[in-house]
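Listed here are the chains, written in short residue letters.
2 protein chains.
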Amino acid sequence: MSEKIVIIGGVAAGPKVAARARRLSPQAEITIVERGRLISYAGCGIPFYLSGQIKDYNELFTTPYGVKRDEQFFLTERDIRVLTGTEATAVDRRKKEVTVVDLNTGKESVLPYDKLVLATGSVPVEPPFAGINLKGVHRLNHPEDVRKIMEEIEQVGDVVVIGAGMIGMEAVDALARRNIFVTVVELQEQILPGMLDADLAAVLKARLEERGVEFRLGEKVRRLEGDEAGRVKQVVTDGGALDADLVIIAVGVRPNVELAKAAGLAIGETGAISVNEYLQTSDPDIYALGDCVENLHLVSRRKVYIPLASTAARQGRVAGDNVVGGKSKFPGVLGTVIVKLMNQNAGRTGLGEEQARAAGFAVSVTTIGSFDRTHYYPEKGRILLKLITEAGTGRILGAQALGEGDVVKRIDVLACAITSGANVEDLANLDLGYAPPFNTPIDPLQHGVNTVRNKMQGIAKGINAAELQAKLAGGDDFVLLDVRTQPQYRAQHIEDERTLLIPIGELRERIGEIPRDREIVVLCAIGSRSYEAQRILEGAGLKNIRFLEGGLLGWPYELD
Amino acid sequence: MSEKIVIIGGVAAGPKVAARARRLSPQAEITIVERGRLISYAGCGIPFYLSGQIKDYNELFTTPYGVKRDEQFFLTERDIRVLTGTEATAVDRRKKEVTVVDLNTGKESVLPYDKLVLATGSVPVEPPFAGINLKGVHRLNHPEDVRKIMEEIEQVGDVVVIGAGMIGMEAVDALARRNIFVTVVELQEQILPGMLDADLAAVLKARLEERGVEFRLGEKVRRLEGDEAGRVKQVVTDGGALDADLVIIAVGVRPNVELAKAAGLAIGETGAISVNEYLQTSDPDIYALGDCVENLHLVSRRKVYIPLASTAARQGRVAGDNVVGGKSKFPGVLGTVIVKLMNQNAGRTGLGEEQARAAGFAVSVTTIGSFDRTHYYPEKGRILLKLITEAGTGRILGAQALGEGDVVKRIDVLACAITSGANVEDLANLDLGYAPPFNTPIDPLQHGVNTVRNKMQGIAKGINAAELQAKLAGGDDFVLLDVRTQPQYRAQHIEDERTLLIPIGELRERIGEIPRDREIVVLCAIGSRSYEAQRILEGAGLKNIRFLEGGLLGWPYELD
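Line by line, the protein sequences are chains A and B. Going left to right, the first sequence walks through residues 245 to 804 as my numbering numbers them. Going left to right, the second sequence walks through residues 245 to 804 as my numbering numbers them.
No lab work stands behind these hints, which were simulated from the structure alone. One or more of the hints may lead you astray.
A pair counts as met if it fits within one copy or between any two copies, since identical chains are not told apart.
As the list claims (entries may be wrong) - List of simulated lysine-lysine pairs, DSS-like, C-alpha gap at most 27 Å:
1. K624 - K547
2. K299 - K624
3. K248 - K340
4. K312 - K624
5. K299 - K392
6. K624 - K584
7. K248 - K787
8. K573 - K715
9. K571 - K299
Only chain A is shown next, with the shape it has when bound in the complex:
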């Protein structure tokens, strides 16, 4: 008798489980139950349709070879039955049956299962303010959402995005490509709070502001107000009112766990479904995966809720193996997230600085600036890289990076390194590929780990942007030694009377100009020359010298 597999959820995770199970078991009876009308759509592609990079709405629903992934496709190509417009309303674990309702007819029926898979995904968080049903107020979670936005996009003037998380920021990017520059309102004091540490987020915010985006951080939306026609007119926050004739609400998602809860399955501390490494719920015949489950973080060893399409896809294979009798494991996640926002690439993997402290690690933080390619190669870009390491051992706990340069490659290599438990010594001589179109002879990430090593050895002594800013604002008595060239200084600098400009090439001969009894902070463009200067000054017997890590590249504050 053939195994009956019922999968609840027809987007991303669910179809992946079904496809893998089918490849392993030609006999299994596989049924996908999906509440909506659309299945297996490219949810991550939605912002790229908004931006115009994807021209045809149908591309969100087709295979790479141009075939529509609808019910018929699953049936004829994969022998998988898909019930769309069908909601699973209850699970009887004793009888091993799922009750489903045809949302069109209201007709209820029962699907018996041997293995049940919950791929119920996430749902948008309901915002705690009024006016969300006004015309012109949208989300960006579902293909239907973007379709509705596109109907209005040519007519709108002022766009406000509420929420500076991933989806909100992808909306910002997409609209900028249409030359629509939005205002973003975010409750927290930084952009991308779930992704970047506050320091890197501040730098990224500054880069996006330079290109026309406005941010209202730390502001709480009180209500949306409409005109007589019922169309949104203003976003009212605790900081004032903003004109808006189109609003995108992106205040996050939460795991869709209602069915699992009602079935008495264990829910984890994060609020998502709890699964073991085989992706089994507390009922061994019921699996769960994707945006509805929590995962083990491989560095903190704590449970986290980080819903990502990549996690769902990898888990699909694991669950697909196991529902047909396999024993595949899903070890956990690093919370790797990457994003392209206007001309900036950004990424993170592993633990953030505060997360690492909260997880009980003794934390050391190092920030470097670098070109991603040889400086003479025309298509180069800069990278600001922050490494979070364990003090003493140099173990890599996490990394974050941003810039026009190829950030993502370094984040992926670091994800691999963190998974293997690598420390800075292990990475320093890693044989990474080099050619001028792709890299510098010493990869930026190796420049980063070498800086960590220099700091561990007491050779390099850094100060970060926030610390320097506090010293400047606090009226400390110190010398701010800028070692860049004159033209570089003139183009952009920190305006402060404590500044002394001595280009690095003149430092040895002009060393007498530097007061020997004062604290010195050296700065340059990306942090290389200032470190060199620190060593030169120490070599000449000066003391109490630090260099600005990451240089002005990592400086999120005002420059003249």
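Chain A is already provided as a structure; the job is to place chain B on it using the hints.
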């Protein structure tokens, strides 16, 4: 008393040692001895000046902040003495002295050392044919070489490159950017013999041929012939004569070990200087690094000679530490090489297929095709990825890849994985970054390791392009089942009467059309649908079915 450090060699490795040693030791007396007039130039940038991507010759000699790296720079900024035009002619290890000759004046002098560093680099191999001193015959190893080529480049008609190694192929790429399409003569039967396995090299060659490059592989150059004015006119090979009014000879380099040999230092089995993990030669007070030394291969555990600027740079830091009393280690190399050639990116890391066999491994080879980004994202490219794994354990031994897509990121991640001893299980759930502008939800390299796992489990059964070509040519009785769409087939296919075209979507219903007693090879564009088809056919009880790994993307032979 301050330590005397003498470094022989003023390009790449040598200056790096000097700079690191200076940062660690303000007191050390550091002297660099360089035979040539130019120091610390960007050797890897030479082809990019030829291509016109670097506009200003001086960029090959400047720091990222625009200062010329000449003798004065080293002296004033780094307190390092550089003697250019000065040749080291002998080392007296007992007295710890180097004899040097000023090549301008012929004056000999002696430099005492506490630590000596040999960074003597490599020298071009002398070609075994006549005519290399004709006008219009050049190399591409030194900035002066490219300067001479540039003087002639506007006037030339037929360009021949001798040697299809890295430098030769970079010349091909550079000239193509000037719309000069060359003929390449190579003694071996493949391009990039030191870098790519023959199968991937054949695919890359086909891609470059499509764009106008001509190759004469397996041909030996007999002589270069000139006209009355002494300018090169023809390249005569054992396959005939080629018109040429400009010839670039790129037949490889060899380690420059004469001084080391004369000093009685141990030379390794590869012909390069033998060093331990501290980069010490057989004389503990003499260090060597860069293109003149051999290295331990981290997978084969054998000594290899793979001269690369990245290795030299990493070793510079290690040697710089150790000459001032440190104990830094250089563990070895993976032979990671990457290159951009016209619209193709290519890379390799770890062992090649034959190298892995020669090193005694039980080898399994898997090739996959993939897009590097979501198929709906406009700027996507394809990747052909070959994984060399250990049979049984699935340990990654090496990887090679090429395509328009982002090959390099995957090679770097694999370099990290190989270094940590990872197997395919470890990589399958690696939390790599995903966003549509950068990746597919399951990274191509994970698609690759999953394919290896499927093969190890006996689920996937592959055939490679060479095997299929042999079957086609050998007149075997089998069915060549193409499961692509009709338009895809019409655009390009293998013309063979044994072909049966059934698009994957129709396969289940048309399964009766397939003879049940015949061997079947399934093919598609990149290998995904054909694997799916293999599973469908096996599910229906058919036997003896294999799919073409990498699909037509990895097919280097003729297509109609």
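Now the hints, each set against the structure:
1. In this assembly of identical chains, K624 and K547 lie within 27 Å of each other by CA distance neither inside one copy nor across copies; the values are 39 Å within and 35 Å between.
2. Taking the shortest Cα distances, K299 and K624 sit within 27 Å of each other only across copies (15 Å), while inside one copy they are farther apart (29 Å).
3. Taking the shortest Cα distances, K248 and K340 sit within 27 Å of each other inside one copy (10 Å), while across copies they are farther apart (81 Å).
4. In this assembly of identical chains, K312 and K624 lie within 27 Å of each other by CA distance solely across copies; the values are 20 Å between and 39 Å within a copy.
5. With identical chains, the CA atoms of K299 and K392 are at most 27 Å apart within one copy only, with a shortest distance of 15 Å there and 49 Å across copies.
6. For the homomeric pair K624 and K584, the shortest alpha-carbon distances inside one copy (16 Å) and between copies (15 Å) are both at most 27 Å.
7. Proximity of K248 to K787 under the C-alpha cut-off of 27 Å is restricted to the inter-copy arrangement: shortest distance 26 Å between copies versus 74 Å within a copy.
8. For the identical chains of this complex, K573 and K715 are neighbours neither inside a copy (50 Å) nor across copies (39 Å), given an alpha-carbon limit of 27 Å.
9. Within a single copy, K571 and K299 get their C-alpha atoms no closer than 42 Å, and across copies no closer than 58 Å, so neither meets the 27 Å cut-off.
Checked against the numbered hints given earlier, this structure breaks hints 1, 8, 9; the rest are met.
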